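Asks: Chains A and B, in that order, give the protein sequences.
Numbering of the first sequence is given in the working numbering, commencing with residue 61 and proceeding in unit increments.
Numbering of the second sequence is given in the working numbering, commencing with residue 13 and proceeding in unit increments.
Read the hints as simulated data drawn from the structure, not as lab findings.
Predicted model only: the values in this text are computed from it and were never measured.
Be a bit skeptical, because a hint or two may be false.
Stated by the list, open to error - Okay, the calculated bits of chain A under chain B, using three or more residues with CB under 8 angstroms as the criterion:
1. 143-151
2. 234-243
3. 257-263
4. 273-284
5. 294-306
6. 317-329
Ideal Cβ placement from N, Cα and C applies to all residues, glycine included.
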Amino acid sequence: MPAFAPASAARRIARGRRSLAWACAVPAVAFFAAFWLLPVARLLALPAEQGWQTYFAVLTEPRYLRSLLQTAGLSVAVTLATLLLGAAVGLHLGRSRMAASRLLLGVLTLPLSFPGVIIGFFFILLAGRQGLIPNLAEAAGLERWPFAYGLLGLFLAYLYFSLPRAIGAYAAAARAIDPALEEAARSLGASRWRIARDVWMPQLAPTTLACAAIVFATCMGAFGTAFTLASKWEVLPITIYNEFTNYANFALAASLSITLGVTTWAALAAARRFGGLGMGQA
Amino acid sequence: MSSTARRPWGLAATTAAVTLFILAPMALSVSAGLMNNYAAGWRGGITLRWLHEVWTQYGGTVLASVVIAAATVVITALLGVPLAYPLARSRSRWTAWVEEAITLPVAVPGLATALALILAYGSWADFRQSFAFVLVGHVVFTLPFMVRTVAAALRRPELLELEEAAATLGAGFAQRFVGVLVPAVFPAIVSAALMVFTLSVGEFNLTWMLHTPLTRTLPVGLADSYASMRLEIGSAYTLVFFAVVLPLIWVLQLAARAVEQKHGH
Chain A
61 MPAFAPASAA
71 RRIARGRRSL
81 AWACAVPAVA
91 FFAAFWLLPV
101 ARLLALPAEQ
111 GWQTYFAVLT
121 EPRYLRSLLQ
131 TAGLSVAVTL
141 ATLLLGAAVG
151 LHLGRSRMAA
161 SRLLLGVLTL
171 PLSFPGVIIG
181 FFFILLAGRQ
191 GLIPNLAEAA
201 GLERWPFAYG
211 LLGLFLAYLY
221 FSLPRAIGAY
231 AAAARAIDPA
241 LEEAARSLGA
251 SRWRIARDVW
261 MPQLAPTTLA
271 CAAIVFATCM
281 GAFGTAFTLA
291 SKWEVLPITI
301 YNEFTNYANF
311 ALAASLSITL
321 GVTTWAALAA
331 ARRFGGLGMG
341 QA
Chain B
13 MSSTARRPWG
23 LAATTAAVTL
33 FILAPMALSV
43 SAGLMNNYAA
53 GWRGGITLRW
63 LHEVWTQYGG
73 TVLASVVIAA
83 ATVVITALLG
93 VPLAYPLARS
103 RSRWTAWVEE
113 AITLPVAVPG
123 LATALALILA
133 YGSWADFRQS
143 FAFVLVGHVV
153 FTLPFMVRTV
163 AAALRRPELL
173 ELEEAAATLG
183 AGFAQRFVGV
193 LVPAVFPAIV
203 SAALMVFTLS
213 VGEFNLTWML
223 HTPLTRTLPV
233 GLADSYASMR
243 LEIGSAYTLV
253 FFAVVLPLIW
263 VLQLAARAVE
273 QKHGH
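With the hints as constraints, model all of the structure from the sequences given.
Replies: This is the structure in structure tokens:
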């Protein structure tokens, strides 16, 4: 048979696509169904065993509602601070042509590979009961204030793991911006502020949106950092953990997990819909 | 004008402040791991005794983490590279759904995935108490990174032409896939593998729920030492993490860059 004619080759690929290509998908899909879809279906169904109202426990139970609002408030505050500082540093380093800036960028994005627990520990060393800052404050005759375990410590620790991502994203975006546009605006006599508003802001909007969603979702779901700090400001992942391990209240833990999962998923999906987003680490 | 002159200074100062904010805790933690006594500072003298103590108590977790991360890379590649092919070639709604679905474990907090796994398989004791339980969690969480990176590489138009040329020359599906496509997207596989390794080695949110006292990874051991040991031991353990994991990631990064340059696009 004329198996070497181009038309038959195309058909052969098409046939390969249909049957063998689907066979390629089987192992991964089976694995995913067994170890994610099935378990999550069970998780989704569990609260119903204690009545439908269990799904809304986060809204009806003041303790859980407070935990959700505290987490959301913290995450929004950290996201705003991250965007502001991350944009400043990322743009500054991304626009620079110096080799030192490249190196610094590498150093500043290093914490992306640290587990959250390490970042919690950093702030215990800095501002915990035996921390450096309280010790220095005391030596200087000031009040000893171990702020690692409260809202401020949590805020700074979340800022720490969020900043590297934003710095990296804004540096990449700054490099992708067409310098001719800025040049043209400047030659037409636009002020620095006008250039920032009319040239930079529109081009950075997709990065900002994507970054905001990833940082917000990461903060909402962060567990290791808050766990290490044993924070007095209770966040939802800690509430879920306590319900599950300390009180063995599985249905409630499942219900709160669903709330948390839907929140982070919605934030990421919205950003992707409006801005075309890569993948973050939730 | 003062405002136009001030702005670059403002950016430089912000960059310096942020750099200090990022670097100071790292420096503090590394030095605390080598101090005799954290409260006394450098004046108390330096020692390797905490590192030694960490190695005898938690040494096993380092090996466990590296082995699990390597196994996660191998399994995600074996499952993910074949899955990337139909995702890259088909335009049907089903494949879009599959791609969307396998990304969910990244969009949903690890805590939720871990709870689901425990609820579904927690009573299967042999599985629950083995490293396989942790491994399964890591694979579910990192699989989308492998699949999407490789699928993006396979979508390049010149690969479609390459594949058609191979078919014209009479290559069967397996030959085309293993002999043509996989080598062509190898740089993408390596860079995805690097990402998967990095994520797995530092993973805590899932692993803390999935581990047992006999199946501890490095981040799990870290959390344990932070909660129950003195600051110097926690710091020394963090130093071990830096000393083992960061060079490993750098070596892999260099390897990935070398592969990319050899392929040269």
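Asks: What are the numbers of the hints that this structure violates, sorted from low to high?
Replies: Hints 2, 3 contradicted; others consistent.
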